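Residue numbers (the numbering used here), protein chains in the order written: chain A, 25 to 441; chain B, 6 to 817.
These are computed hints drawn from the structure, not numbers from a lab. Take the hints with a grain of salt, since some may be wrong.
Unchecked claim - 20 Å max Cα-Cα, derived EDC-like pairs, lysine to aspartate or glutamate: (1) A:LYS141 to B:ASP754; (2) B:LYS756 to A:GLU83; (3) B:LYS386 to B:ASP288.
Quantities reported herein were computed from a predicted structural model and do not represent experimental measurements.
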Amino acid sequence: MMSKYLFSTSKLLAILLAIFIGFVSCEDDESDNPTPPPTVEPPETSISPFSLVAQVGEEEYMTLTDDLLTGKISIIGQGIETQSFGSAIAAGGHIYMTNFGEGTIDQIQVTEEGYEKVNSLSAASLSPAGFFRIVQKVSETELLLMNWPDDSASVPYAVIELPSFTVSTTGSFTVPRIGGYDPVEIGGIVKDDKIYLGTMFSKLGTWDVFPDSLITLVYDYPSFTNPDTLVSRASLGTVAGFTGVSAIVDEQGDIYQQNIRSKHWYNMGTREEMPSVVVRIRDGAYDDSYSFNISDQFPGTVSLIGFQYVGNGIAYGKLLDEDATDEWGDAWANNFTSIVRLDLYNQTATKLDIPAGPFIAIDEGVVVDDKFYVPISPVGSTAHIYEITTSGSGLEFTVGAELDGNNVVANKIMKNE
Amino acid sequence: MKFNANPRQLLLLFCFFLCLIPLQAQEETAIIRGSVKNQAGESLVASRVYLEGTDFGAMSDEKGFFEIQGVTAGSYRLAVSRIGSESYVQEIVVSAGQTLRLKVRLTGKDVEMDEVEIEGETQSSLLEKQGFSVEAIDTRQLQIQSIDINRVLDRTAGVRVRRSGGMGSDFIYSLNGMTGNAIRFFIDGVPMDYFGSSYSINNFPTTLLERVEIYKGVVPVSLGSDALGGVVNLVTDQTVYNFLEASYSFGSFNTHQAVVSGQWKAPNSGLTTRLSAFYNYSDNDYGVWGRGVTYATPETGFRPIEFTEEDPAIRFNDDFRTANAKVDIGFTNQSWADQIFVGAVISDLDRGIQHGQTMGTVFGDIRYTENFLMPFLTYRKEDLGIKGLNTDFFLSLAMKEGINTDTSTNRYDWRGEVININSNGGELSGNQSRFTLFEDAYVGRWNTTYELSPRHKLGMNFTYNNIQRDGEDDFAAWFRIPLVEPQSLQTLFGGLSLESNWLQERLTTNAFVKYYGYEAAVNEDVLIAIDGVQQTISRTIENQKNTWGGGLAAAFKVSPNILLKLSAEQATRLPSATEALGDGITIWNNPFIQPEQSFNVNLGTVLGPFDNGVHSFKVSVLGFYRDTKDQLLFTVLDNRGNGAFINIAQTEGKGVELDFNYSFRDFIEFTANATYLDIRNNQSFDILTNQPNIVYRDRLRNTPYLMANAGFRFRFEDVVQEGSRLFAYLQSGYVHEYFLGWPSLGSQDQKNKIPTQLVFDAGVGYTFPSQRFSIGLDLSNALNEQVYDNFLLQKPGRAVFGKLTYRILSDN
């Protein structure tokens, strides 16, 4: 009698268990999704020409757009999650970026359906540090991956062929100590068969003392042999760059390089004898006849932190108002950074009448014909892409597509093709 | 000290004082209920159950049930008789507010008292009747199984335990949507925070436990806690009797756990000694595969090759070992002390660290070791000088030395091979480091209750912690300077509660106020010029906070089988030592940290148990609301995953949990529960950017929100041998997928997810007739599913464990 009970009850309970698990395992309906995002269908017939990278806190997203001038470009319900920390770069029809979550560098194809990861390389295997700080486009067919020098002044690098995304060279080279200072940061540009590595020298471990000059190391590329050292007394600071390039090459083959020195930059200070400058490297050496003093162009104390070349001697840069910032966080959180037009040949600098924004909210733009498109996300007002006409005065602009704004910081626009 | 109170606090204070208003005195009574059955388990009608010399008594009904209500507190001789059987008599003591549950079995012509259970004798049951949302997990049945506590609790309604790996791995608790450090852990009412890593809840053997209590959202004063989201309290057996027991379990991944525990009391002097010791070891060398688990070589063109389920990578630097001993010596059952013990906890721990925040970054040489010593004094006495005055206290000094060794220049891949040499060294931080953290924690806890009247009991609790930390680094990395210099943290908790019974015990209330004090001296590094030379120095910043909170818990018994519960609390959580002072490894200190605040409400009902002698079931439904401010979140501040705890979040959420329990004739039990959470980002402005928050009202990211568990338990007696017991279980756990990032951002179909998991566990245990020897066999993740609790952190697959338990000596 008991076994009869047991059998039937167990059977019943087994069914209960299955029903229960089945019930809760069901996919939740749409109402379970938080803040249902508006659905934006990708273009049906063509590949979107631009990508926009944006950050929200420590999260990063990349989304496609057809139009930089009208409508709204949003990451709400659109785009992909990335973990590149600003390393994304477009070259030869693909996008390349570090993937810190998986320890890789990814090659991403833009298709009509959106983004598709087509290949990866293991940063962990290529770099002794496990990642590359610098992902740099040498040409449409070549990437250079580098790190800052380690404690023994060794710099690992890898050269990647595109679009096959294969490693053609990997290795390391040693950079020298100079004047008792250790090399701590590098970043540069390839011109012809040379690489010009802007540097910051300091004291390992403390990073609290600096040489009184700008130092660039020159190597044969891609062999990283035949080293040479260039020194400019125009100012001090780093010429290794920060969240952007520190050197550009113009149509004549001259390299223009800008320094970063700020009271917030390792407490370097902003004294008069150490101005914010653009210097020139011509024929393999600093051109001491050229020193574009940015500080002299503006009242008060300013620092140029990054610039982009648009052609014909014109660049657009980010100008930080040092007087308005008591600490580095002020520059990141308030509208103290402006877009400035730099005429490198005539050595003039002019602020554009575009809203200022936080330092990080004005970043890398893209050049299309004679237009320069840059995203700006000011605190307290609407974020937009601005279309700047580089010809003529170079100060004219049009307010372009609206961005998410708020705490979404659009860092970068890239051309997908 | 400045006193600030918001309207919620004032309302709760009002409720507290309202409960102080004396109402008309009512008589305190108890209930005796139970069932009478024959040997076959069939119900017997017309058995007479009564208290000799009184008018209290009842006849069993056609289902064998009886109930005697309104029994006044006192000692009685309980008698059971039936026509044709001899009377059975047993001495019983009935306390006010108790429900005694008796199971009477008729064998032949004799009547036996098969089992006497006193419902409400446990603190957790009493608390539930006061309205607290509390679960009491009886772990005695699981003592012979190889199940760690995390797995046990993970099957409980509203509880989610997220583990990053196998034995000794990091874990995060979530209680009704509150997570991380918002959940506090106690052992016998004493905070576990200061017992060292070895004594953490994932290492603690179930063998030593009697039960686990889980308080959700609203926490009684007696626990002396600043828990925001709830408390898990491990309760060990405090009964004084002589015993010596040993167990040993072993299984997959070269996992071993040995436990010895015992107690001895001198017959006359009351001198009592206790010992509990355990040793845990595991290689944790389980297989992992898929995304992030790769290797690459020049031969592969540096393309990452993923390991597969058929050919998985074997974890190679995840071994874990800990040894722990706790010794008490003192006196019990003395006129001046029920218990007084001095003792010490000593432990050491050694573990490898296999990977970073995801399996995409693999480590091969990083190790963490810890040595710990904690002398302590405990005292407990009921009726101290005055009847109804109960008190206990705990004093300790916990000394911890934790060493994180990250000096290797090797770079590893998932094959376990060295693929690069990084001359800087340091797999984790990028610089060689051997950081030793020294921590001294002075802990004092005093808890007392006083029965003002048969219906009112006053409770007080004070808990004081003083933590001193400093460190040293053989490689003197400059960024650790603030963590090497001394830092300190003091917290003070004070609580006052009033428990009351009303309406002939149908309504019980517990009103309480709590005080939280916090003071910290935290270092920050600054770069300054001294004599023209720039130097990084450490300066100390004092941070002091005081706040008040309070709440009310109430339960109303609509009928003997229907209980309504309501609890609400304005709760505060003070920053932990690691949150405020950093850990010297990946967590930086925060001199300006603030306490977390939350307003928590629980509303629920318990239906049952409904028992007809064959079938019994009970249903609980709980709805809850949480409104949290100044939430501390670990915020990554560099690309190596280092960061600090910052007050950057406000969340608001509600949820519901359903718990169902059915049993058949006491030998089959079916349990099922489900929890749904709707926790939203309630931070309208981003603290870091001071900008409107685009993910305001978004569902909380990286947080499971739909969970369910179901399982069977089987209990049989006299299997193979008379007097033996067989226990078996089949358990399933389900967690619905959830997004790593903010759900509203990016395309839904391309977002990173923590995938849905459905895991089955099973086990069987057998206790031999002598009741001294037991064997257990457990199978976890029976279907060998690839499961994750965290993004790209795979948990162990199928594992088998066996356990032998031998009670060498017992006079119980």
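Right, here's what the structure says about each hint:
1. With a CA separation close to 14 Å, the supplied pair LYS141 of chain A and ASP754 of chain B stays within the 20 Å bound.
2. Taken as a hint, the LYS756 of chain B and GLU83 of chain A pair is honoured in the structure, with Cα atoms around 12 Å apart against an allowance of 20 Å.
3. Restraint check: the Cα-Cα separation between LYS386 of chain B and ASP288 of chain B comes to about 45 Å, which exceeds 20 Å; the hinted pair is violated.
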